[in-house]
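Student: Taking the hints into account, I'd like the entire structure generated from these sequences.
Here is how the chains run, residue by residue.
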Amino acid sequence: MRIGIVCPYSFDVPGGVQNHVMDLAEALIGLGHEVSVLAPADEDAPLPPYVVSAGRAVPLPYNGSVARIAFGPVSTARVRRWLTRGDFDVLHVHEPLTLSLSMLAVLSARGPVVATFHTAMTRSRMLAAAQGALRIVLERITARIAVSALARKVQVEHMDGGAVEIPNGVTVARYAGAEPLPGWPGECDTGTGGAIGFLGRFTEPRKGFPILRDAFVALARQRPGLRLLVAGPGDADDLYGPVPADLRERVTFLGRVSEPEKARMLRSVHLYVAPNTGGESFGMILTEALAASTTVVASDLDAFRRVLDGGRAGCLFPTGDAVALRGVLAELLDDPARRAALTACGDQVVATFDWPVVARRVLEVYAAAIEATDGRVIDQEWVGLG
Amino acid sequence: MPGMWWVVGAAVLVGLVAAYLVWTAGRVERLQTRAESAARALDAHLLRRAAAAAVLAERRSGVELYAAARIALDAGPREREAAENDLTRQLRSARLDPVDPECEAVIAASRRLALARQVHTDLVRDARAARGRPLVRLLRMGRGHDWPRYFDIDDPTLPAQADVAA
Chain A
1 MRIGIVCPYS FDVPGGVQNH VMDLAEALIG LGHEVSVLAP ADEDAPLPPY
51 VVSAGRAVPL PYNGSVARIA FGPVSTARVR RWLTRGDFDV LHVHEPLTLS
101 LSMLAVLSAR GPVVATFHTA MTRSRMLAAA QGALRIVLER ITARIAVSAL
151 ARKVQVEHMD GGAVEIPNGV TVARYAGAEP LPGWPGECDT GTGGAIGFLG
201 RFTEPRKGFP ILRDAFVALA RQRPGLRLLV AGPGDADDLY GPVPADLRER
251 VTFLGRVSEP EKARMLRSVH LYVAPNTGGE SFGMILTEAL AASTTVVASD
301 LDAFRRVLDG GRAGCLFPTG DAVALRGVLA ELLDDPARRA ALTACGDQVV
351 ATFDWPVVAR RVLEVYAAAI EATDGRVIDQ EWVGLG
Chain B
1 MPGMWWVVGA AVLVGLVAAY LVWTAGRVER LQTRAESAAR ALDAHLLRRA
51 AAAAVLAERR SGVELYAAAR IALDAGPRER EAAENDLTRQ LRSARLDPVD
101 PECEAVIAAS RRLALARQVH TDLVRDARAA RGRPLVRLLR MGRGHDWPRY
151 FDIDDPTLPA QADVAA
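From first to last, the protein sequence lines stand for chains A and B.
The opening position of the first sequence corresponds to residue 1 in the working numbering, with each subsequent residue numbered one higher.
The opening position of the second sequence corresponds to residue 1 in the working numbering, with each subsequent residue numbered one higher.
It is worth saying that the hints were derived from the structure and are not from the lab.
Since the model is a prediction, treat every value here as computed from it, not as a measurement.
Beta carbons are placed, not taken as given, at the ideal position from N, Cα and C, and that holds for glycine.
Quick look at which bits of chain A chain B covers, simulated, 3 or more residues with Cβ under 8 Å:
| id | stretch |
| --- | --- |
| 1 | 142-151 |
| 2 | 357-367 |
So these bits of chain A aren't anywhere near chain B, every CB distance computed over 12 Å:
| id | residue |
| --- | --- |
| 3 | His33 |
| 4 | Ser108 |
| 5 | Pro224 |
| 6 | Ala236 |
| 7 | Arg305 |
| 8 | Asp321 |
Below, computed lysine to any residue pairings styled on SDA-like, alpha-carbon distance capped at 25 Å:
| id | chain 1 | residue 1 | chain 2 | residue 2 |
| --- | --- | --- | --- | --- |
| 9 | A | Lys153 | B | Thr121 |
| 10 | A | Lys153 | B | Arg111 |
| 11 | A | Lys153 | B | Asp152 |
Tutor: Printed below as a string of structure tokens:
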């Protein structure tokens, strides 16, 4: 199948949508399909061979953060040229309701269009104000995909349309084969040792790092050798400041990490903790920790419970409760058999999030979109599903 | 000559209205055609699922499943929604092992049918919304087509995982 994918955000800046697009494109190529990705990028930026640059992106504040996007007559001409040259069987756009290449591509497309919605904006002013104009964009979309139950809910309630829920994928092999950092995770016996990990913006309240910090400080006093490994953007002083001076040497800070370092970091701990207090629509990091065969402890949020199969693939604790978290951590660190059971179930769960598996489900949506456009049914084999 | 500006203004206005009407008519036509294609694809997927279920029922000599598949295949437009729901119920109560190729065929057909149903519902909704607009009704655009109809059936996805665990 010839597939054209449009990414609205520049590959110069790392981000969830960009990673999703690259991993999906690589998985589809791995399944034997022809894929071309159109994305904004600087002229001299190093790009994978399947990416076509649509020119420079301009920074624009959007939805609380800065998005680098391309929009305008020059971009329109480039999108049209790419569509004509590509002669795609199906066009797959991401986030088509942002003013971006994705929207331009939808408006210029002639054939079947599949759209993926990533964000779960519950009440966007833009959506409410431009309902009529957005109809014209939405009308051209043949099939919709939502990456989380929350994103799907927004589709159903605010844009009166259904969407197929297909989760974010994770390249399991990349995590399962990663080498732990030197000296980690170290010893973990009854009442002593153990390594706990946290990844994310520890200064952002909804990530819940203070809950983990309180639990760690209380537990570390009773448990010699317990260590905490933290990675994420932020200032070291903000991290160490609230930690008592005698425990600071037991907290290791990696700063912002690259994708390969992230995999190594997740392999370097006995327990990965996600103490988030809300606002997570999917919980990508949990699937990554599961892929690294690390035991997961997470707050009892809907999204997390879903990924962890109701608590079979990881331990859930009451959201925001540092005392409960401390209890769960102490118990799990003393019980290697329980950890092994959880990771064994985690391996099964994460297999359903593996990119090749997820990409096959996306291919079925492509097939449905093509069929709905010309009314004929495509064989499983032709789609590469056989 | 102020009179000439009136003429030019009126001509531009008429041109704009005409362009809008042509565009709207094209839009209605496109959405109608697409909803009809989606209905044909949905029909094909319904037949495929029923055929896969019949093959499975024959091998297992499952009388009720075979009857449900047969009824779904032969149902007229009026009884079809109920017949398809019956078949979904029969398939849900059957034990399907995804390792077995004939069971897998039924599971895959159900999954593809679920997608076809979802897409069809969305496209019918779009077409009906476009056709229901006052201007479109007034000018009787798209009258060459029947009003697109929803096909209202339960979600035919089969819980494959749960069956394996059982």
